[in-house]
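Engineer: Chain A is already provided as a structure; the job is to place chain B on it using the hints.
Protein chains: 2
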Amino acid sequence: MSQYTAPIRDMQFVLNELAGLGELSSMPGCEEATPDLVDAIMEEGGKFAAGVLAPLNVVGDRNGAKWDAGTVTTAPGWKDAYQQFAEGGWTAIGCPVEFGGQGLPKLASTPVSEMFKSANLAFSLGPMLTQGAIEALVLRGSDELKAKFLDKMVAGVWTGTMNLTEPQAGSDLAAVRSKAVPQADGSYLISGQKIFITYGEHDMTENIIHLVLARLPDAPEGVKGISLFVVPKFMVNDDGSLGARNDVHCVSIEHKLGIHGSPTCVMSYGDKGGAVGYLVGEANRGLEYMFIMMNEARFSVGLEGLAISERAYQKAVQYARERTQGTELGVKGGGKVAIIKHPDIRRMLMTMKSHVEAMRAIAYVTAAALDTAHCHADAAERAKAQAFADFMIPIVKGWCTETGIEMASLGVQVHGGMGYIEETGAAQYLRDARISAIYEGTTGIQANDLIGRKMAREGGITAKAVIGMMRRLDGQLAEAAAGSQGEHLAVIRKALADSVTAAEQAVEYVLATFGTDIKAAHVAAVPMLKLMGIVCGGWQMARAAVIAQRKLEAGEGDADFYRTKIITARFFADHVMSQVGGLSHTVCCGAAGAMALDEALF
Amino acid sequence: MSQYTAPIRDMQFVLNELAGLGELSSMPGCEEATPDLVDAIMEEGGKFAAGVLAPLNVVGDRNGAKWDAGTVTTAPGWKDAYQQFAEGGWTAIGCPVEFGGQGLPKLASTPVSEMFKSANLAFSLGPMLTQGAIEALVLRGSDELKAKFLDKMVAGVWTGTMNLTEPQAGSDLAAVRSKAVPQADGSYLISGQKIFITYGEHDMTENIIHLVLARLPDAPEGVKGISLFVVPKFMVNDDGSLGARNDVHCVSIEHKLGIHGSPTCVMSYGDKGGAVGYLVGEANRGLEYMFIMMNEARFSVGLEGLAISERAYQKAVQYARERTQGTELGVKGGGKVAIIKHPDIRRMLMTMKSHVEAMRAIAYVTAAALDTAHCHADAAERAKAQAFADFMIPIVKGWCTETGIEMASLGVQVHGGMGYIEETGAAQYLRDARISAIYEGTTGIQANDLIGRKMAREGGITAKAVIGMMRRLDGQLAEAAAGSQGEHLAVIRKALADSVTAAEQAVEYVLATFGTDIKAAHVAAVPMLKLMGIVCGGWQMARAAVIAQRKLEAGEGDADFYRTKIITARFFADHVMSQVGGLSHTVCCGAAGAMALDEALF
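In order, the protein sequence lines correspond to chains A and B.
Numbering of the first sequence is given in the UniProt record's numbering, commencing with residue 1 and proceeding in unit increments.
Numbering of the second sequence is given in the UniProt record's numbering, commencing with residue 1 and proceeding in unit increments.
These aren't lab readings, by the way, just hints derived from the structure by calculation.
Heads up, a few of these hints could be off.
Pairs count within a copy or across copies, as identical chains cannot be separated in the list.
Using 27 Å as the maximum straight-line C-alpha spacing, the simulated DSS-like pairs for lysine-lysine come out as follows [unchecked claim]:
hint : residue 1 : residue 2
1    : LYS152    : LYS79
2    : LYS272    : LYS384
3    : LYS494    : LYS464
4    : LYS332    : LYS464
5    : LYS224    : LYS179
6    : LYS79     : LYS66
7    : LYS272    : LYS332
8    : LYS336    : LYS179
As the structure is a prediction and not an experimental result, all values here were calculated from the model.
Isolated chain A (complex conformation):
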């Protein structure tokens, strides 16, 4: 069965040398997140991921979560693993200290988050949604609500959920119809049906705390009439003990392509008169609160693409070393060899490896920006970091998840016929990965966010600033190329320069078109997102290559490790950044063909 080993050395490189963990730990409130502490967390997290979560991944896939008369039973071993997870303090790692959390910055928790997702994506979704619910309460909950719920949620004793989607309201939350009727005691009675509720019901904890979007009786239509409520599965008494069962029930769970271990629930509120809920923050501002949390939730789903790719890569490498087939090209009379010797297998493995490195780099750098936006002493630096993070989030979410699907599919391909057999395990990664480009906003939604809120609305300020940063790397690349023996760094330098020029053209097109032809701009959205993913990934790999070259020149560190960084960046330049020119063309010229066909002729 498939093993998982946390890629700690690669994580350390990105944390310390690309994302600036050292700098971050000098900012107020981040002092505890020293490289040493983060190393210790990664070591523990890696053990838990490999030892406890990874072996349960296939168990969850085969057994699934089971629904019976309103109860949901998770797969064998999952409840116990969850208890170990909670007891290990893993829920608390990024939560505020005042509610029992460890208060560590995002960058410090991101590597273990990646590990848990690699090890067992379906398992990781419960904690991820709990995190979202905790954040909602921390940000907008009253002191009373915080006191009632937060400690137990942070301790992992209770899990949380996010209830947004309804059958008619998926990407379009303006269409939410669930109702909340105020009661004399200040609470509300919630009714309506919610779908696609991850871990809406399960047997791992004694209570589940639902965050629910619903409308007050007098609410305006559309997005400005949605409020956020907290609805516990069991009422919570003032002493913290559990009270009556609330009127919220799981009426069925979905039969899905993947993440079988994660129950995706249809939740019914108020079948017996109404589920008791409490307003979070102010009335009619629920969607606004959701958007505050959405950045982090989208970041977290973006990590899924990275995490699945890493797992698929590890599995593919292992198979490619073990599987013997054919003889080595150009070697006469040689015996059978492991398929890793075949150039096309290497090409696939390098494609996976280089994409993993690109995704990890942009994700961790974005996490560091989120932390800087919270913690930097200087307000202007905070604002700059926030703008950068806002710009990157749809790219991390959209590009990493789309890439994760491709990489998981490549992992199947490396296995040949065995890849198609479920027992092998490679196919599960493809099935699991497929959801990540859909939930928490589809790739189209991310791309619309990128070109709209993150580019056009601010006249491209951040996009141009990012392009400026990329251009400023050129001098360092020139220097590194001059100091290096081979052509790798010169190729990386040219690929980045060409890509940045192409990216700039694409950005100019979107800025010019958004106000004049909104549909044309939106045809360009997903190609733009893909382009930006590749260019940002290539940029970070180029940074890594510069750093690696300096280390090699200085004779510092593990030379093989640093040489590898240069080689993967070189591969990415020729095999992936080479697509950027074409994507820029599609951004700038793709609307006419896309919009010309009469709707009836599809």
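Structural biologist: Relative to chain A, chain B alone:
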């Protein structure tokens, strides 16, 4: 549940206007394949596909084929559907008249083959493998073997299988170990284990005729020591009645990602002393015979990519018309609209539609070339057509199957969250499509065939001839562009010209490198295959656009239909052919990065 409607009008266009069915039916031996007859076959085939096969697709997926103590039971309704299939004469359509077939050319049978694959891929595999077994016997079987087996196979009374793969011999058939020991009566006793045997055992027919690769006791090692045998499940008496059960058994079936309805069998030969088999053709020439059939088998699997994409496209369009979500961009105060109004949904649907048209065009044009290679009166024309078909087959197989996976995945994406729910049906197409890029030679194997046997071995003669044909279209495109109102044709012309130049560079690189750096050439193989798929698809769409423009200018035919051809070609130019420059770069420059990393550092 998902409907399927055979896209007959589109098929007619490709058959008659791109692939030259009219010309073909003037060749000796093809006279019967008139457009009228082919229309009639398509009409009947479309009814059978939509009415009988399509509704059973999901039944097969959910129930799967079931193994129990050596017997395999197909899903409910499948046995009956198979009998209708056989009685309808669908097995016989392309088989020689002397064995009860209809003797129709490939081009005439290709559209119904596409329909059956669209309607129910897992079902279609039984007939496809039977076809392969029939061809083997027709080409190399003795008169005695033909008399014993062919009539019933052509009539669909018995099915056939191809037994190549063994656990240690997948892509590398040189490693086949199954044994064949000659008996005094001229038969052989076969023993060994075969895996991945499609329809190796089932309940749809009373007998199954296995074609099996095995080694004679004195056979040389490697590919030159493999012989081909025919091994019936039940012995066949001289009067055609069934005799004793032969010593070949299905010991298990695989649990697969998709095509659940198709039993993928582990077959054990000779557990009780040896399965009786008969040598097909000469000893030690089995692999050579397999290669003769491989062209057609690979073509047929290539069609699967097209067929699944068509089905996924139909489903996505239907959902996009029905699903209401959000308001129309740029329309203030408008109501909720069907998602087909959203530019990114259109982009996805256009991506699917244009790829379907590109795939169908290259597949049918290749079918016509296979027929021309058999039937043309002039030997030089036959040779030219054969070379073209040989060149196109790995492209049809490799590119259409890889594209089919992408299109099925896009189909899931159009459905949003519902796409991930198995009941919707979109996910099945993705699961089913995934195998097509693996079996009958992985994409890597196809790509190696393309750059090796089909390019380098002949010094690029055919590749250059194809490029020459593409270049000669430029004059017609210029004329069509001059006669048209908009810019579509001018854009198509430029995209083709640029792509052809990039393709030529890539071909020159492979020709120059194959003899000097075989590994570098093989790194380029899959990017080259993808490049060629896009360029050949774009070429055929450009041909279609020229034809359409002429029709529009002449005021002939359905103007909407012809305008659509121009629009899809335009879309393909900006969204797909735009990738060709980048792929050409990868072909020419991708080896250094791919081969640099020490194997231990993966």
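Engineer: Give a verdict on every hint.
Structural biologist: Hints and how they fare:
{"no.": "1", "hint": "LYS152 to LYS79", "in the structure": "within (17 Å within a copy, 57 Å between copies)"}
{"no.": "2", "hint": "LYS272 to LYS384", "in the structure": "neither (50 Å within a copy, 76 Å between copies)"}
{"no.": "3", "hint": "LYS494 to LYS464", "in the structure": "within (20 Å within a copy, 31 Å between copies)"}
{"no.": "4", "hint": "LYS332 to LYS464", "in the structure": "neither (54 Å within a copy, 30 Å between copies)"}
{"no.": "5", "hint": "LYS224 to LYS179", "in the structure": "within (14 Å within a copy, 75 Å between copies)"}
{"no.": "6", "hint": "LYS79 to LYS66", "in the structure": "within (13 Å within a copy, 32 Å between copies)"}
{"no.": "7", "hint": "LYS272 to LYS332", "in the structure": "neither (78 Å within a copy, 40 Å between copies)"}
{"no.": "8", "hint": "LYS336 to LYS179", "in the structure": "between (67 Å within a copy, 20 Å between copies)"}
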